[in-house]
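Using the sequences and the accompanying hints, generate a full structural model.
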Amino acid sequence: MTGKGKLPDINQSDLTQRDDNDTALALTKSKASPNKLIVDDAAKDDNSVCYLSNLTLKTLGLFKGDAVLIRGKKRKDTVLIVLADDDVDPTKIRLNRVARNNLRVRLGDIVNVHACPDIKHGKRIEVLPIDDAVENPQGNLLDEYLEPYFRAGHRPVRKGGLFTVRGAIRAVDFKVVEVDPSPYCIITQDTVIDCEGEPIKRDDEESNLGGVRKQLPQIRELVEREGEDGDSSENNK
Numbered sequence: 001m002t003g004k005g006k007l008p009d010i011n012q013s014d015l016t017q018r019d020d021n022d023t024a025l026a027l028t029k030s031k032a033s034p035n036k037l038i039v040d041d042a043a044k045d046d047n048s049v050c051y052l053s054n055l056t057l058k059t060l061g062l063f064k065g066d067a068v069l070i071r072g073k074k075r076k077d078t079v080l081i082v083l084a085d086d087d088v089d090p091t092k093i094r095l096n097r098v099a100r101n102n103l104r105v106r107l108g109d110i111v112n113v114h115a116c117p118d119i120k121h122g123k124r125i126e127v128l129p130i131d132d133a134v135e136n137p138q139g140n141l142l143d144e145y146l147e148p149y150f151r152a153g154h155r156p157v158r159k160g161g162l163f164t165v166r167g168a169i170r171a172v173d174f175k176v177v178e179v180d181p182s183p184y185c186i187i188t189q190d191t192v193i194d195c196e197g198e199p200i201k202r203d204d205e206e207s208n209l210g211g212v213r214k215q216l217p218q219i220r221e222l223v224e225r226e227g228e229d230g231d232s233s234e235n236n237k
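The sequence shown begins at 1 in the working numbering and counts up by one.
Careful: at least some of the hints might be erroneous.
To be verified - Derived pair list, reagent style PhoX-like, types lysine-lysine, alpha-carbon separation capped at 20 angstroms:
hint: 1; residue 1: 76; residue 2: 36
hint: 2; residue 1: 123; residue 2: 159
hint: 3; residue 1: 36; residue 2: 64
hint: 4; residue 1: 74; residue 2: 36
hint: 5; residue 1: 159; residue 2: 74
hint: 6; residue 1: 64; residue 2: 123
hint: 7; residue 1: 159; residue 2: 120
hint: 8; residue 1: 36; residue 2: 73
hint: 9; residue 1: 74; residue 2: 123
hint: 10; residue 1: 58; residue 2: 36
hint: 11; residue 1: 44; residue 2: 64
hint: 12; residue 1: 159; residue 2: 76
hint: 13; residue 1: 159; residue 2: 73
What the hints assert, rightly or not - Restraint-style ranges between C-beta atoms, simulated for each label pair:
hint: 14; residue 1: 197; residue 2: 121; range: 17 to 27 angstroms
hint: 15; residue 1: 169; residue 2: 65; range: 11 to 21 angstroms
hint: 16; residue 1: 178; residue 2: 114; range: 18 to 28 angstroms
hint: 17; residue 1: 144; residue 2: 58; range: 40 to 50 angstroms
hint: 18; residue 1: 86; residue 2: 112; range: 16 to 26 angstroms
hint: 19; residue 1: 115; residue 2: 198; range: 33 to 43 angstroms
hint: 20; residue 1: 198; residue 2: 166; range: 34 to 44 angstroms
Derived by calculation from the structure, the hints in this document are not laboratory data. This structure is a prediction, so every number in the text was calculated from the model and none was measured. Note that CB positions come from ideal geometry on N, CA and C, so glycine has one too.
Given below as structure tokens:
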């Protein structure tokens with residue numbers, strides 16, 4: 001009986017009740033979906049790799065250095081090389097900003113991870129720079145950016161994917177326009193890299209990869225306008 005002024009009886013189960021919608025808890029409980037992992041940020045900024053715990057590698061039947069196909073949102077997918085890192089939670093996968101952008105996912109989103117054993121060595125790829133990343137370009141993009149980037153290791157690429165290459169002076173964003181064999185392959189020393197062509201525009205959904213760089217003209221104009229307004233106010237005093 002609950003009289004006036006008396007607190008209702010406490011159900012002991014309420015004291016330990018948790019939100020089953022919590023992503024990490026739901027994935028931990030769901031042993032039927034080991035391929036579904038939570039996106040976390042990568043400590044090392046490498047466009048071509050992802051990081052899983054050794055436990056997750058074993059669960060998925062993967063080995064360090066394997067190629068994996070990762071499916072994100074809006075029917076987007078990409079191919080990366082998986083590496084082991086026991087600092088990664090078994091329910092998570094670490095991806096850098098470039099990989100997340102290609103998958104259209106954010107930190108905390110869910111991706112599907114599967115082995116990609118059928119990926120082949122590339123015969124030829126066509127890569128073009130993004131126009132807002134190469135204003136007043138100088139030098140040879142192939143020699144200064146693409147050759148060193150791809151020769152550093154056997155990097156996987158996916159047709160339609162974007163990647164960032166950091167040079168001595170600035171970072172440049174590129175898009176993979178064509179791949180042979182399609183839709184993805186591993187770049188080797190024998191792969192022909194074609195980058196002849198005009199820079200291409202960035203899609204609206206790809207704007208995150210450009211970051212602040214794409215907004216610099218608008219920011220600069222706003223700062224200059226505020227400076228002019230400030231000068232006018234001083235002169236009117």
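Right, here's what the structure says about each hint:
Of the supplied pair hints, the one linking residue 76 and residue 36 holds, its CA atoms being roughly 15 angstroms apart against a limit of 20 angstroms. As the CA atoms of residue 123 and residue 159 are separated by approximately 13 angstroms, the hinted pair is consistent with the 20 angstroms bound. For the given pair, residue 36 sits about 19 angstroms from residue 64 by alpha-carbon distance, which is consistent with the 20 angstroms threshold. Note on residue 74 and residue 36: the hinted pairing holds, with a Cα-Cα distance of about 16 angstroms set against a maximum of 20 angstroms.
A hinted pair counts as satisfied when its Cα atoms are at most 20 angstroms apart, and residue 159 with residue 74 qualifies at roughly 16 angstroms. Distance hint between residue 64 and residue 123 is unfulfilled; the C-alpha atoms sit about 25 angstroms from each other, more than 20 angstroms. At roughly 14 angstroms between alpha-carbon atoms, residue 159 and residue 120 fall within 20 angstroms of each other, so this suggested pair holds. Proximity of residue 36 to residue 73 is assessed by CA-CA distance (about 13 angstroms); at most 20 angstroms being required, the pair is judged to hold.
For the hint pairing residue 74 with residue 123, the CA-to-CA distance comes to about 29 angstroms; that exceeds 20 angstroms, so the pair is violated. Our distance criterion of 20 angstroms between C-alpha atoms is met by residue 58 and residue 36, whose separation comes to about 15 angstroms. Restraint check for residue 44 and residue 64: satisfied, since their Cα atoms lie roughly 16 angstroms apart, inside the 20 angstroms limit. Annotation: proposed proximity of residue 159 to residue 76 holds, straight-line Cα distance about 11 angstroms (limit 20 angstroms).
For the given pair, residue 159 sits about 16 angstroms from residue 73 by alpha-carbon distance, which is consistent with the 20 angstroms threshold. Separated by about 24 angstroms at the C-beta atoms, residue 197 and residue 121 satisfy the suggested range of 17 to 27 angstroms. Between residue 169 and residue 65 the C-beta distance comes to about 32 angstroms, which lies outside the given range of 11 to 21 angstroms. For residue 178 and residue 114, the hinted distance range of 18 to 28 angstroms is satisfied, since their beta carbons lie about 24 angstroms from each other.
Distance hint for residue 144 and residue 58: a CB-CB separation of about 41 angstroms, consistent with the stated range 40 to 50 angstroms. At roughly 22 angstroms, the beta-carbon separation of residue 86 and residue 112 lies within the given 16 to 26 angstroms, and the hint holds. As the Cβ distance of residue 115 to residue 198 is approximately 38 angstroms, the hint placing it in 33 to 43 angstroms holds. Between residue 198 and residue 166 the Cβ separation comes to about 23 angstroms, which falls outside the hinted range of 34 to 44 angstroms.
Hint violations for this structure: numbers 6, 9, 15 and 20, all remaining hints satisfied.
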